[in-house]
Each structure stands twice: as C-alpha cells, then as structure tokens.
Amino acid sequence: MSSATFQLWRGSGADGKYTTYTTDYQEGMVVLDVIHKIQAEQAPNLAVRWNCKAGKCGSCSAEINGKPRLMCMTRMNEIPVESPVTIEPMRAFPWIRDLVTDVSWNYRVKKQIKKFKPRPPDNPDGTWSMSQEDVDRVQEFRKCIECFLCQDVCHVLREHNLHEEFVGPRFFVYVAALEMHPLDTENRLEELVTAKGIGYCNITKCCTKVCPENITITDNAIIPLKERVVDEYYDPLKRLFRMFRSK
Amino acid sequence: MPEYQKFEHDVLVIGAGGAGLRAAIEAASVPGLKVGLVCKSLLGKAHTVMAEGGIAAALATVNSADSWKVHFADTMRGGQYVNSWRMAELHAKEAPECVHELEAWGAVFDRTSEGKILQRNFGGHRYPRLAHVGDRTGLEMIRTLQDHGIHQGIDVHMECTVVSLLKDGDRVVGAFGYDRQRGRFILFQAKAIVLATGGVGRAYKITSNSWEYTADGHALAYNSGADLADMEFVQFHPTGMIWPLSVAGILVTEGVRGEGGVLRNSLGKRFMFDDIPENYKSQTADSEEEGWRYTQGDKQARRPPELLTRDHVARCIMREVKAGRGSPHGGVFLDISWIKERIPNAAEHIKKKLPSMYHQFKQLADLDITTTPMEVGPTTHYIMGGVRVNPDTQMSTVPGLFAAGECAAGLHGANRLGGNSLSDLLVFGKRAGKFAAEFAKGQSQGKVDMAQVDSIAKETLAPFDRVSTSGSTGEGPFRIQHVLQEKMQELVGIVRTEKEMVSALDELEKLKQRASVVAVDGNREYNTGWHTALDLPNMLVISEAITRAAIERKESRGGHFREDFQNKEKAFGEFNIIIRRGPGGAMQVVRERIPEMPAELKQIIEEQAK
Chain A
6 MSSATFQLWR GSGADGKYTT YTTDYQEGMV VLDVIHKIQA EQAPNLAVRW NCKAGKCGSC
66 SAEINGKPRL MCMTRMNEIP VESPVTIEPM RAFPWIRDLV TDVSWNYRVK KQIKKFKPRP
126 PDNPDGTWSM SQEDVDRVQE FRKCIECFLC QDVCHVLREH NLHEEFVGPR FFVYVAALEM
186 HPLDTENRLE ELVTAKGIGY CNITKCCTKV CPENITITDN AIIPLKERVV DEYYDPLKRL
246 FRMFRSK
Chain B
926 MPEYQKFEHD VLVIGAGGAG LRAAIEAASV PGLKVGLVCK SLLGKAHTVM AEGGIAAALA
986 TVNSADSWKV HFADTMRGGQ YVNSWRMAEL HAKEAPECVH ELEAWGAVFD RTSEGKILQR
1046 NFGGHRYPRL AHVGDRTGLE MIRTLQDHGI HQGIDVHMEC TVVSLLKDGD RVVGAFGYDR
1106 QRGRFILFQA KAIVLATGGV GRAYKITSNS WEYTADGHAL AYNSGADLAD MEFVQFHPTG
1166 MIWPLSVAGI LVTEGVRGEG GVLRNSLGKR FMFDDIPENY KSQTADSEEE GWRYTQGDKQ
1226 ARRPPELLTR DHVARCIMRE VKAGRGSPHG GVFLDISWIK ERIPNAAEHI KKKLPSMYHQ
1286 FKQLADLDIT TTPMEVGPTT HYIMGGVRVN PDTQMSTVPG LFAAGECAAG LHGANRLGGN
1346 SLSDLLVFGK RAGKFAAEFA KGQSQGKVDM AQVDSIAKET LAPFDRVSTS GSTGEGPFRI
1406 QHVLQEKMQE LVGIVRTEKE MVSALDELEK LKQRASVVAV DGNREYNTGW HTALDLPNML
1466 VISEAITRAA IERKESRGGH FREDFQNKEK AFGEFNIIIR RGPGGAMQVV RERIPEMPAE
1526 LKQIIEEQAK
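Those protein sequence lines, which keep their order, are chains A and B.
So the mapping is simple: the working numbering equals the position in the first sequence, first residue as 1, plus 5.
So the mapping is simple: the working numbering equals the position in the second sequence, first residue as 1, plus 925.
Some clues are possibly wrong.
[As the list claims (entries may be wrong)] As a list, the in silico EDC-like pairs of lysine to aspartate or glutamate whose alpha-carbon atoms are at most 20 Å apart:
(1) K1041/B - D189/A
(2) K1018/B - D1317/B
(3) K1276/B - D141/A
(4) K1359/B - D1379/B
(5) K42/A - E1411/B
(6) K119/A - D1317/B
(7) K120/A - D1080/B
(8) K1041/B - E196/A
(9) K116/A - D1080/B
(10) K1041/B - E138/A
(11) K116/A - E184/A
(12) K120/A - E68/A
Calculated from the structure, these hints are not laboratory results.
Take these sequences, add in the hints, and give me the full structure.
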C-alpha cells in the first residue's frame, strides 16, 4: 500500500480550481481506480466520465500531469508521485463539471462527413471479395476508440480554437478510413480542403504520440490524404484538365 | 412543479449498444417514422464495444459443411434445451444476412485467402463460425452501426438515463428520465418502446461488464408489469484477468483458446482433458495433438476441450483452484506462448491475431503473452435471462414494449455460446425495430398521466432532500452498491446452495431498506453519486429476481450450478422460470412449460447429435 496526493480540477462554469486529495493505492492500480476511490470515500459528487475501464471505449480521457491520457490505462507506477499528481479535464472542449467536458462537437463534425458508399456487390449472393492485404491499412484506422485525445492535444483546436474550420486528427483518420476502404466509391477530397481544413495541420505528430491505440495518425492517415489532395487539386496537368472539363 | 423537456417519438429505443442501434436503424427505415435513441453514455461507448471474439453466423466461408441447421443445433445444445427453439431457429437462419448487412455499411472483417469473410473457432461451435476483426469485433460492430445510424434521421439523446416507463392502461406510452450532464428531467412520449439496455453485471463484484450494466431494462420491464424469464442463468466467463486486483474481472477473450491457447494448472497439466461431458464426447479431441490440429484448421480434427462451453470450463477452473492446483493469485494459467513450439514467428502471429489481449496484459499487468502464461479465473459476464418476449416480434407481455439483445430472454437458454451475443443483437435488434415500427404505425400517442410523472420526479430528487432536511449526511450510494456486489458474488455466484441464497434474500431486503433512505449531496450536474443512487433500486430488484429464480430451479444446468442439486433433471428441462410482479407488488415465481418443438427441428437436433 502506497499513498499519493492528487490535485483534481473541480467545479463548473467559471468557477474552477484544484482540490487536493490524499489517498492510498495498491499495486497495479490505474489512475481511474484512484479517482473511484476518492469518489467513494471523500468526494461522492465528483464528476468523471468512464465506461469500460479496459481501454476499449475511450470515455475516461483526461490530462494527467498535463499529458492527455486514458485514466483507465495509466498505471500508478508509470507516473511520478513525489509531488502532487494533477488531473484535469480535456482542455480543447467546453468544460461541464470537474473532469467532464462537452465533446458533442465531435459528433456534429462526424455527421457532416459523407458516409460510406460501397461499389455494387462483386458476387451474385450480394457479397464482396477483398484481400487481407487491401484491408490491413483501413483496419489500422478502424481501431480508433474515439477518445478524442488526439483532438485535445492538437494545437489547431486547443490553442487556436479553429473548431469551425478544422475537423481535427480524429476525423482525418475517419476520412482516411473511408477514402482507403477498398469498396468505397465516394470522393471526399474537395471537402477536406474547403470544409475540413486539412491545410492547417503542420504535421507536428502530437496526435500520433497520444493515441492509446497506437494509430500512426500523421504518417498513415494525414500525410497520404494531403498527398491525394495535392495530386487532385494542385497538380498543374490535372488543373488544366479540370478547366477544360468544366467548360 | 418540476419542469420537463418533452420529446415525441413514434418509436423510442432505450439503449444504444448493438441491439439498440440496430433496432433504431430498422425502425427509421420506415418512411415518416420518428425514432428516438437514448444512450446512457456517449454514442458508441456502450458495452458492445468490449466484445472481442466475433459474430457467430453460418457463413460457411471456412468450412462449407456449416449451415443454419448446425448453428441451430449447437445453440440448443449449448443452452441445454431450455432455449426458445423458435428464437434459436430465427437466429441461425438470419445471422448470415445480418453480417453481410454490416459489410455493406462499411465493416471491415478479417479475410480468407479467397477474399471472403474469415471465421474463427469458438467454444461450443462445431465449425469455425465467428466473423471477426482481430479481437476487437465489438468495436467494429458498434462503430459500423453508429456511423451508418447517424445518417438515418434518428434523434439521439446522449448521456440520458430512463428511470421509469409510463403506461396508459395496459399499454406503454412513454418514458421518464434525466440527462446526466445537467440533471434536467426529460419526458418522452412514444407509441412503442424497445428496451436494449444490456445486462446486470454490476450487481456482482468480479465482472467483465462496464458501469452501465445496472439491470435498467430488466427493472423497467418488471416494474411495468412485464414477465422476466430464465433469470437464474447468469454466465460466468471462464477467463477473466485476476491480477493485479484492480483489474480483476476484465475479459480475456475465448479467442485466445480458439487460436490454440491452453489451460494448465499449477502442476503444468492440461486439466480440461480430465472431465469431458457425455454429450460433447463425440465432438471433442482425445489428444493434445488432435486439439492443436483443430485450432489450425484441420477439418478432420475435433476441438480441444478448452473450447467446451463456458459454464463447463468455468467450473473446471473452480475445481482446480479448490483442489489447491491453482495459480499464485487464485486462478489457473492460460498459455498461448507455447505455440512457439509449433509455428515460426509465433510472437508476431499472436500479436496479429490477438492485438488487444497483447496490449491489455502488457499495459495492465506488465506481462508479455507471447512469452508468459496469463493467470485467469471466472468473471461475471452475461445474463441469459431477461424480458420474456414473443420470439418472432420481440414484444414483451406488455403491449407496445419490446426488448432485444442481452436484456431479452430466450435465445441462449441455460448457457450462451461465445459469438452468439453479437449475432443476437443484430438479428433480434432488427426484428424488434421492425415490429415496434409496425406496432407504432397502428397507434396514436397515448395519454401520459402528469400526476404520475410529477410523483416520479419528486421521488427521483428525494436523495438530495434527505441531506438538506435532516441536516446530516445519510448513507451514500457507493457503499450500498459495494455490499450488494459482495453479497451476490458470495451467495448467488458460480456455485449455489439453497441456504446461501435464502440468506441472500435477507441481505437484499436489508439493502433495500438502506437504499430507500440513501442520501447524496451536491447538485444535479453530472453527479455520479446521484446517478448511482438511482441505479441501486434496479440492481436490487433484479438481484432478487435472479436469487428467487435460482432457488426455484433445484437442479444444475448451464450457467446455474447448485451444489445441493448437482445433476441435471429431466423434469426441470421442460419449463422456464418466469418472474413477475404480483398484484400486491410482491415478486411471483412461476413455472411455465416450454412449447413442444416442431418435428423438423427435433430431427435436426437428432441428426446433429451423431
């Protein structure tokens, strides 16, 4: 049994401050266990969002000592406890109460992205054929648990607040999963430039570093999308071709 | 007089996991129909996300001998023949189409070398039958349904909990709830309601279930007069994590065994060969060699005993632990690393096939499953029992009230086969949505009794008043839930006796008294203490239902094991146990005869028994 001190961001509205709690913890405990312990023993109305406590649902995102992480997958022995451990809500989204933020913006953004549109079935029984090689790439993106930690860390959203012009790393991964889906026939490249603001990303790779599913967001999703956009819209030959076609 | 946000829907679906999403999509496909979907958490976070192994459907992509008939017979055998044979038939016939629908909506399953959907082995399934995506199939399924569903014109109410259903005479006409973020009350009017709220695992101490599993749908149905069935059948999954303590209960997928993982005791012995039930002998490997060949796709080989049904494997693990042959932390060893003796690049192969498991153990237990055996033990995983429904329409005994997925009863009988849950959600979610829409089309909105609504609202706020009026803080909800979990685990767990279960009823009565005066402080904004206080009555009444049904079934069958009645009794195989709220409010326990199975289904079972 060890003991540690935590500074939890508490309050709501304009009224937020750190509150200090000291509690014991056992070997193997994760940060979310400690939060639950504080909730059960010292602060029964402490607001915290969580679900599976197994790293599969992406609900318990927070900033632990300033780093965006899942509380359920951060073991106590991974973080220094000599000085108080700070736990704050994700700062890139409107704050509701204590450790909980309003992430509904993400859900509105997703709805605006054109949905999956498959080609006609390959086989008479209405099924498709795809090789494992062709789906590997998309499967990496589909591991995303929508914890929104990549959104939280992205400076375009966090510091520049460009939520209306820029959809953020999560939705570039989402668009990449659709665009690179072997069956998909939709084209989302134009909206990536006009409405999704892919140009704002200057590939600092902060999103990749915080992804709990280890998705190589920048290298495998964003950069290939940027390349496709360049090929499609900034290639001089294609531009010329488009000019003729549009007349 | 409290204020209410009001919403009107034709069909209201409560619960947004696989079954709820599938039901909402189906209902919304009817032109002009207004569909509402209530999620207790954020959309896409429901417990379905945790399903790992796969979706069972007789696609026959890996073994062409598979068919709906074999799947039907496997499901009935696994459920020890107290299943609804009609649901088992519909499920086996319709599951393949439902999997193909997911693919048409963007799901990306693992592939065979011919480019078809790959299927894997799982306990109790005769052939490789589980369509899967590594070991994160549930995530793939819920995300596919979510991403498709958001374009279907469904009104989604996120972070919203329903506390009561509203009736007009016999018929259900609405629901009352609150939004978790702000604590505001919400009044839903609906012509038909689908319950898809999942299970009850949070009433137990060691569970693989998320916090949402507080028996809400079971309790809503029971309180509104609907019958529950098969509540004694709770599934304890044989392999949950047991160490470190704080992660005890987290699931270790059966897929580990499907990929060749073996169970060993502290002596290093593969104990599952010691006890193979009579009705599975002809299908089970008689050597380690044959079992290995089965996991590697040899169609002539029979499955290893590690892939017997979950109820049986869980009891064998308990037996080893009780006999002193357990692992250091009170479980047994599950070893997948040994396959390096058989195949090259075993570590890479394991990481590819079981990525979440590799990740989970590495991160939570500092253990590399490609080199070291895991320690595992049984964990509360699933309830086979639930709302009693019409097998074709999924309507409960209350008109206008439907149920699908884990909160409905029937398909799985006494024990669910792995993989049959995800297919259950799709097949019966779709059916519930379809028939709820049809029911709604024939109705006008019913009359909501506002006096009743006001009184429910007052009751919902009562835990706050107990602090302010008495001046002293009463007992908080977390302690009560904790005691409930300990008692259910200890007294109505894997091994049951009459004496212990009767004492459980006493304990539950005491806890009900304590819960009736529970107090919370703070305000209504995202107040987890308040939320838990409101969940408690649901968990308590359903724990009582489980206990009373388990006392009534004086035999051992599937997930229900009685130390005082260790054998399966033919007489008990002829009925289901029904729980309903009696006229005076007391819980009634009734035996209901299972309808006679049609000759053609009987014949299928006989043929498949060979």
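Problem set entry | Distance restraint between K1041/B and D189/A, which requires alpha-carbon spacing of 20 Å or less | Roughly 17 Å separates the two Cα atoms, so the pair holds.
Exercise. Within a Cα-Cα threshold of 20 Å, do K1018/B and D1317/B meet the stated pairing?
Worked result: Between K1018/B and D1317/B the Cα gap is close to 13 Å, so the pair holds against 20 Å.
For this session: Verify the proposed pairing of K116/A with E184/A, using a straight-line Cα cut of 20 Å.
Result: Holds: K116/A and E184/A sit about 16 Å apart, inside 20 Å.
For this session: Assess, step by step, whether the Cα of K119/A is no farther than 20 Å from the Cα of D1317/B, and give holds or violated.
Result: Violated, at about 35 Å.
Exercise. Are K116/A and D1080/B close enough, with their CA atoms no more than 20 Å apart?
Worked result: holds (13 Å)
Problem set entry | K1359/B paired with D1379/B [C-alpha distance capped at 20 Å] | violated (33 Å)
Exercise. Is the hinted pair K120/A and E68/A satisfied, with a Cα-Cα distance of at most 20 Å?
Worked result: violated (32 Å)
For this session: For the pair we were handed, K1041/B and E196/A, check the Cα-Cα distance against 20 Å.
Result: Violated. K1041/B to E196/A sits at ~33 Å, over the 20 Å cutoff.
Exercise. For the pair supplied as a hint, K1041/B and E138/A, is the alpha-carbon distance within the 20 Å limit?
Worked result: holds (13 Å)
For this session: Measure nothing beyond the straight line between the CA atoms of K42/A and E1411/B; if it is 20 Å or shorter, mark the hint as holding.
Result: holds (17 Å)
Problem set entry | Pair hint outcome, K1276/B versus D141/A [Cα-Cα no greater than 20 Å] | It holds: about 14 Å lies between the C-alpha atoms, which stays within 20 Å.
Problem set entry | Restraint status (C-alpha distance of K120/A to D1080/B at most 20 Å) | Answer holds: K120/A to D1080/B is near 18 Å, not above 20 Å.
Hint violations for this structure: numbers 4, 6, 8, 12, all remaining hints satisfied.
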